[in-house]
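First to last, the sequence lines map onto chains A and B.
For the first sequence, the working numbering gives the first residue as 1084, with consecutive numbering after it.
For the second sequence, the working numbering gives the first residue as 133, with consecutive numbering after it.
Hints were generated in silico from the structure; no laboratory data involved.
Warning: the hint list may mix true and false statements.
To be verified - Have a look at the derived ranges for each label pair, beta carbon to beta carbon:
1) Phe1117/A / Gln501/B: 41 to 47 Å
2) Gly1132/A / Ala167/B: 26 to 32 Å
3) Tyr1408/A / Glu503/B: 30 to 36 Å
4) Gly1351/A / Asp435/B: 40 to 46 Å
5) Thr1350/A / Pro287/B: 43 to 49 Å
6) Arg1262/A / Glu492/B: 34 to 40 Å
Unchecked claim - Residues from chain A that face chain B, not an exhaustive set, calculated with beta carbons under 10 Å:
7) Pro1085
8) Ala1102
9) Asn1190
10) Pro1276
11) Ala1280
12) Glu1281
Yeah, the Cβ is synthetic: ideal placement off N, Cα and C, and Gly gets one too.
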Amino acid sequence: MPEMNMLKAINQALDTAMAEDDRVICFGEDVGVFGGVFRATSNLQEKYGRARCFNTPLVEQGIIGFANGLAAQGSRPVAEIQFADYIFPAFDQIVNETAKFRYRSGNLFNVGGLTIRTPYGGGISGGLYHSQSPEAYFAHTPGLKIVVPRNPHQAKGLLLAAIRDADPVLFFEPKRLYRASVGEVPEEDYQLPLGKAEILKEGDDITLLAWGAQMEMVDKAAELAEKEGISCEIIDLRTIVPWDVETVAESVLKTGRLLVTHEAPLTGGFAGEIAATIQSRCFLYLESPIARVTGLDTPFPLTLEKEYMPDHLKVFEAIKQSIDY
Amino acid sequence: MSTTNKATIVHTPSFMNGDEFRVPVFKLLKQDGTAYKNAKLPDLDRDKALRIYRAMLFTRVLDERMLAAQRQGRLSFYMQCTGEEASIVGSTAALADEDMIMAQYREQGALAYRGFGVDEFMNQLFGNDRDYGKGRQMPVHYGSKKLYYMTISSPLATQIPQATGYAYGQKMAGQGHCTITIFGEGAASEGDFHAALNMASVHQVPVIFLCRNNGYAISTPAHEQFSADGIAPRAFGYHMKVIRVDGNDILAVYQATAKAREWAVENNKPVLIEAMTYRLAAHSSSDDPSGYRSKKEEENWRDKDPVRRMRLWLESKGWWSEDDEKQEQETCRREVLEALKRAEKRPPPDLDTLITDVYETPTPQLVEQLEQLKSHIRKYPEAYPKGAKSLNAAKEGDENA
C-alpha cells in the first residue's frame, strides 16, 4: 500500500470522486491552475478541465451561495474555503441556507450534494486568523454534518463518504497535519462511515476522546499515562454531527472516566455538549468529573501559541487528576 | 479582462462619477393601453396574452382576499404582490416553463402563471397537512418542484448567488435552460447581490437578475437605499448587459425578458433587468405605510396600475370585455374563498414532520428527541392540541391496521 501525506490523500479522494461522477465540481479561491494554497486540488483542473475545477472571485458568501444553488440543481459541488477562519462571510449561506434547504422545502429541494472543505486548527504559527477551530458554531445548526479526519487514510475515506452523502457536509481538515501526517492509503476507492466514532485503543481506566489533529496529543498523553500504569481507551469521534453517542457512552460505562480535548476555546466548545450528554447517560458509573482540555477562552495567540494549545502534557495532567480524583 | 488593458492614459487628475452612464427606461404601452409612437410591440398571441392577464388578475384577487382573511384573524401573516404583477408575470411569461425561478417572497404571480393551483396556494398559507413545505414556513413561502419554482427563504438576497450556481449547473447540463432570480432594490444592498453578479459574469452563466425597484424596503425609500441612478448602473461594474424597463408595462417587461433570455441562453451570459414599479400594498400584513409615505404618492401610482393597463390593451385588441372581466373576477373570488375554507379545515402536518428532512434520514439524536416529546405530549395533550391530534390520528391508524 502506498504511503502519502494527508494532502495527497485528499487530492486522491477528489480525483476519485471527479473521475467517477461528472457532477462533482471543485472550486474556491486559488483552487484552479494553482491547485489551492495547500495544493489539495493539484492537477484537477488539468485533468478535468476548467469547467469542473476553477478559481472563484474572492468572496466566501458567493462561493457558498453559488455552491448551494449548484447543489440544488443536482450537481455535487466541493467548495473550498481557504481557511476556516474565513468561513464567516459565508455563515448566513451555511446556517440559513445549506442547513435548512431540505427542511424548509418539505424535501422538494435539497443541497445534499454539497461538501465544504476547509483547513482548520493551530500549530502553524498562524495567529488569530489562520488557526481557529470553528466547528462548534456549526454544530449548533441542525441540518449540517461535520466531519474531521485525523490522518491520510481517514481523510480519503471520510472525504469520499462526505461527497457522496445525501446531506451537506462541512469537512474540516487539520492543516497542521497536511504534510506532517504520512501513512498508508489504499489506491482504490473506499469510504469510511459518517456518524461513527472509532476506538483506536482499548483500555480500562479512562476514555480519551478527541478528533482531527488533537488525536496526536491524545496518543502522546496516553503513552505517558501508560508508563504510570494508567490504561487509556482512545476514541476518535471523526464525525462531530451527528456524533456517535453510543460508542462513547459504552466506553465510559466501562472505564468510568472521560476526558474530551479540542483546540477550540472552552466556553461553548463541543466538549461541553459531549460532557452533558455523557453525564446524563453514565451518571452512576462516573468515578470523576468529565474533564475538558481545550484552548483558552481567548482569541488564538501567535507568539504564545505553544502555551495556548491543549498539548499532550496538559492532557496527561488532566488524566492524572481524573484518576486521582 | 484586466482593467489595465488598453487603458487611456491621462496626465491631469480626472475623476468620474458615472453620470455619463444614465440608463434609459424602456416602455411600450401608455397607461391608456395604447402603444407609444414608434413602439414595436412583441408578438404575443391571444391565448398567451390571456394566460398572462388571468394570472395577473388571479394574483390581485388572491392578495385582496388573503389580506382580508388575515385581518379577520384566519391567517397569521400575508404579503401582497399588488402593483408589481406586470413585472412578475410578464417576466415569467417570457421564460420557458422549465427555467428555474428563484424569487424573494412577493412573486406569487409567477406561480399563478405557471399553473400553481388555488388549493396549492392555500395549503401553504395555512401550513396544513397538504402543504408541500409541511407547515414549516410562514405564509407565502411557496415552492414547487414541478413548476421549477425554488422554495422561498426569508433571508434577503441569499437566493441571488444561488441562482448563479443553479444556472452554472444548467450550463453544464447543456439543455438550454436558464435561471431567473427576482429581488427588491433593498435586497440589492446585500453583499450576496454583488457576489452573485460578479460570479455570474466571471463564470459566464445563463442567469437573469430581475430587480423589482418598487420604491421601498419596508419603510426605507429607495433614495435612502442608494445614491446612484438606481440599480441598473451596477451592471457596468461587472461588465454585464443591463436594461431598465417600466415594470408596470406588461409588454415592455415581456419583451425585455424575452430578449434577455435569448441572450443569456445563447451566449451563457448573465443579464440584469431593473423593473421600475411600486409596491402599492404595505410591506406585509404587519406593516402600515401611512407612517412613511403619503396617500397622494400612492394615488399617483394607483393611476399607473399595471393590471388596468394590460386590460385596456386587451380590450383595444378585442380580446377582453367588461363581461369577461366581471366573470373572471367572480370566478377567482369564488375559487379563492372555497379553497380557503377547504384549507383552513385540514389537519396540521404529522408530528413526525418535526424531525424529518433535517437530514435525509433522522439521526439517532432526533429520533430520541421525538420519542421524548411524544411521551410529554401524551401527558399534557390539552397543552399541545396539534401534536395530540396527530398522535391520536396515528394511533387510530394503527388500530385500524
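Original post:
Quick one, is the Ala1280/A hint okay against chain B at 10 Å, beta carbons?
Top reply: Since the shortest Cβ distance to chain B is 13 Å, the answer is violated.
Original post:
Using the C-beta atoms of Phe1117/A and Gln501/B, is the stated range 41 to 47 Å upheld?
Top reply: Holds, since Phe1117/A and Gln501/B (Cβ atoms, about 45 Å apart) stay within the stated range.
Original post:
When you take the CB atoms of Tyr1408/A and Glu503/B, is the distance between them in 30 to 36 Å?
Top reply: Holds, at about 34 Å.
Subject >> Satisfaction of the hinted span 26 to 32 Å by the C-beta atoms belonging to Gly1132/A and Ala167/B >> reply: 48 Å, violated
Original post:
Between Thr1350/A and Pro287/B, does the beta-carbon spacing fit 43 to 49 Å?
Top reply: 28 Å, violated
Subject >> Outcome for the supplied range 34 to 40 Å, where the beta carbon pair is Arg1262/A and Glu492/B >> reply: Since the Cβ atoms of Arg1262/A and Glu492/B sit about 35 Å apart, the hinted range of 34 to 40 Å holds.
Subject >> Status of the Pro1276/A interface restraint (C-beta, 10 Å, chain B) >> reply: 13 Å, violated
**OP:** Please test the hint of 40 to 46 Å on the beta carbon pair from Gly1351/A and Asp435/B.
**Re:** Violated, since Gly1351/A and Asp435/B (Cβ atoms, about 57 Å apart) do not stay within the stated range.
Original post:
Minimum Cβ distance from Glu1281/A to chain B below 10 Å?
Top reply: Violated - the Cβ of Glu1281/A stays beyond 10 Å from chain B, reaching only about 17 Å at its closest.
Subject >> Ala1102/A as chain B interface residue, shortest Cβ-Cβ below 10 Å >> reply: Result: violated, 16 Å to nearest chain B Cβ.
Original post:
Would the stated hint for Pro1085/A survive a check requiring a Cβ distance to chain B of less than 10 Å?
Top reply: 33 Å, violated
Original post:
Quick one, is the Asn1190/A hint okay against chain B at 10 Å, beta carbons?
Top reply: 5 Å, holds
In summary, the numbered hints that this structure violates are 2, 4, 5, 7, 8, 10, 11, 12.
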